[in-house]
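Just so you know, the sequences run in chain order A and B.
Per our numbering, the first sequence starts with residue 1, numbered consecutively.
Per our numbering, the second sequence starts with residue 286, numbered consecutively.
Be careful, since some hints might not be right.
Said to hold, decoys possible - Now the in silico label distances, taken between C-beta atoms and shown as ranges:
(1) A:Gly190 / B:Arg310: 24 to 34 angstroms
(2) A:Pro66 / B:Arg307: 52 to 62 angstroms
(3) A:Arg9 / B:Leu384: 24 to 34 angstroms
(4) A:Glu17 / B:Ser413: 39 to 49 angstroms
(5) A:Ile68 / B:Ala350: 54 to 64 angstroms
(6) A:Asn83 / B:Ser413: 53 to 63 angstroms
(7) A:Leu54 / B:Ser413: 17 to 27 angstroms
(8) B:Arg526 / A:Ala78: 33 to 43 angstroms
(9) A:Val129 / B:Arg461: 42 to 52 angstroms
(10) A:Pro208 / B:Met351: 20 to 30 angstroms
(11) B:Gly431 / A:Arg118: 47 to 57 angstroms
(12) B:Pro343 / A:Leu155: 32 to 42 angstroms
No lab work stands behind these hints: they were computed from the structure.
Since the structure is predicted, the reported quantities are computational estimates derived from the model, not experimental observations.
The C-beta atom is built at its ideal place from N, Cα and C for all residues, glycine as well.
This is what each chain is made of:
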Amino acid sequence: MSGSAPASRFAPLLIAERRRGLRRGMTSLIAFLGAVLLAAEVAGFRPGLLLAGLDRLGEFLALMAPPIRAGHVAEDLAGWYWNIGHWSWLLVETLLMALLATALGTAGGALLSFAAARNLTRGPRLYWVTRRLLEFARAVPDLVFAIIFVFAFGLGPLAGVLAIAVHTLGAQGKLFAEANENIDMGPVLGLRAAGADRHEEHLWAVLPQVLPNWISFTFWRLEINVRSATIIGFVGAGGIGVELYDALRLNYYDDTGAILLMVALTVFVIDDLSERLRLRIAGAA
Amino acid sequence: MSGAAEIAARQARLAALLAAGRRGRWPLRLALAALALVLLYAAVHVGLIGSQFLDGLPRLAGAAAMMLPPAGFEHLPEFLWALIETIAMGLLGTLLGALVAFPLALLCARTTLPLRLLQFGFRRVADSLRSLDHLIWAIVFVRAVGLGPLAGVLAIAVVDVGNLAKLYSEAIDNARRGPPEGVRAAGGDAAEVFRWGMLPQVLPNILSATLYMWESNTRSATILGIVGAGGIGYQLADRLRVYEWGQASLIILLILAAVYAIDFISAHLGRRLIEGRGG
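Could you build the full structure based on these sequences and the hints that come with them?
Given below as structure tokens:
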């Protein structure tokens, strides 16, 4: 008798059980496949086009890295990264933009999260208005805000910071409000019974319970915002994206490759640091 | 003991307890002070503190006023078609990404690939796909396959592979060890261990991660048109560029409606597939 006999005795029972569910799901599956085929048609998904594109993609990627000769590695690298000082500064500006936008958006989201939490809000009307406001701020992409803010505040990082901050406010406000709704109301009621006002309740009963979650969300949002800040410059809203867009538009392949590599490495490092801190805080809480 | 004296004694004890907790905190305070300085510098540098911000506010109010009411309803068929294209891009990109991400996740998880060095390498591959924004990939793919939604689908798929491989592999690593060991003890081979011991545990997490990315990708798809990679973003950027504020706000409203619809469908599917399964 083979070693897997007991397992194979169980398998038919499970399979029969699954099959019953599967039959029910068949209609949904057909609907899903229909939707996918329709989407493929709408999006012009042609395998032939894809294969032809693969060649051109390889060509493009090859153009982005200049040849590095074995004997002259340092010279060739220096030639490739001829503008590294300027690019480094733009990356620092990009990080500053992400940091400031995260701080502004998080502060705003934190303030609004009390009114947007069902258990802490002052009334249903305020709750409804705050929720819709947060939804609006979250659902409009930051790049769209950026285009509008460039019109209002001019080209440069200010428009980018404000755009990312507004989007962050919406995202953080919702997540923070959900954390607020999951608290133990005991401490809040205890403080209220002891005569605390609303602010004291928030500060001493709500905040200690939600702070670990809030901090974790904030690091996560920072990772997202660093990515956003690298491309918000595509519409003129500051940071390394302005330079990257120009290099791409003007077919400066070497520069494009050099900048992309720097951006990818920076995001990589920030993600890693942020994730470590996030896990440490989650572990300490 | 009089009431006042007892209150005073208890207050002193509370203060001592709180002070003890605060004593070890100076590195945190130093870090926060440094952060405050950096933020202040950033605020001055970008012009948030200064006339650039204040001067822009009336112009922003003007733009907002010009956006109301939404206009350009005669272009509605064109906008709706672009919106359908956007939704199709989000769906296809997510699906394509998920199909590639699943096998990659098996190589990224400690549980399914015990060779640490190799597993670490694969995880780094997934991370590097995530580290460039959709919009950058979109520009690259526009060069490869031309203007249009296909470039957008590919851009979404590439980032999706990175994100989902990470989320899937975390789900696999967080799975309980008991069920796979049970199947192994009952004589199951590697495929059976995975199919009956692992998959039932991770499938709900995998489905919810995929639905989450689908929502997120639909949002991303709305802006890829700005670089010519298909969808409603092209119309939006175009109308904003020529200061057609009314039409732009109509497009933004359509985007909001589409995003809500997808969130709603995703929440419904999540309830049906994840919570209501096997019912």
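Hint-by-hint comparison with the structure:
For the pair glycine 190 of chain A and arginine 310 of chain B, the beta carbons lie near 25 angstroms from each other, so the given range of 24 to 34 angstroms is met. Between proline 66 of chain A and arginine 307 of chain B the beta carbon distance is about 56 angstroms. The supplied range of 52 to 62 angstroms therefore holds. For arginine 9 of chain A paired with leucine 384 of chain B, a C-beta distance near 33 angstroms keeps the hint of 24 to 34 angstroms intact. Checked against the hint of 39 to 49 angstroms, the pair glutamate 17 of chain A and serine 413 of chain B passes, with Cβ atoms roughly 41 angstroms apart.
At roughly 55 angstroms, the beta carbons of isoleucine 68 of chain A and alanine 350 of chain B sit within the given window of 54 to 64 angstroms. The hinted range of 53 to 63 angstroms is not satisfied by asparagine 83 of chain A and serine 413 of chain B, whose Cβ atoms lie roughly 23 angstroms apart. Hint check: leucine 54 of chain A to serine 413 of chain B, Cβ distance near 19 angstroms, so the stated range 17 to 27 angstroms holds. The beta-carbon spacing between arginine 526 of chain B and alanine 78 of chain A, approximately 39 angstroms, falls within the hinted interval of 33 to 43 angstroms.
Evaluation of the 42 to 52 angstroms hint for valine 129 of chain A and arginine 461 of chain B yields a pass: the beta carbon distance comes to about 44 angstroms. Taken as a hint, the range 20 to 30 angstroms is violated for the pair proline 208 of chain A and methionine 351 of chain B, whose Cβ atoms sit roughly 46 angstroms apart. Between glycine 431 of chain B and arginine 118 of chain A the C-beta distance comes to about 49 angstroms, which sits within the given range of 47 to 57 angstroms. Between proline 343 of chain B and leucine 155 of chain A, the C-beta spacing of about 18 angstroms breaks the proposed range 32 to 42 angstroms.
When held up to the earlier numbered hints, the structure conflicts with 6, 10 and 12 and fits the remainder.
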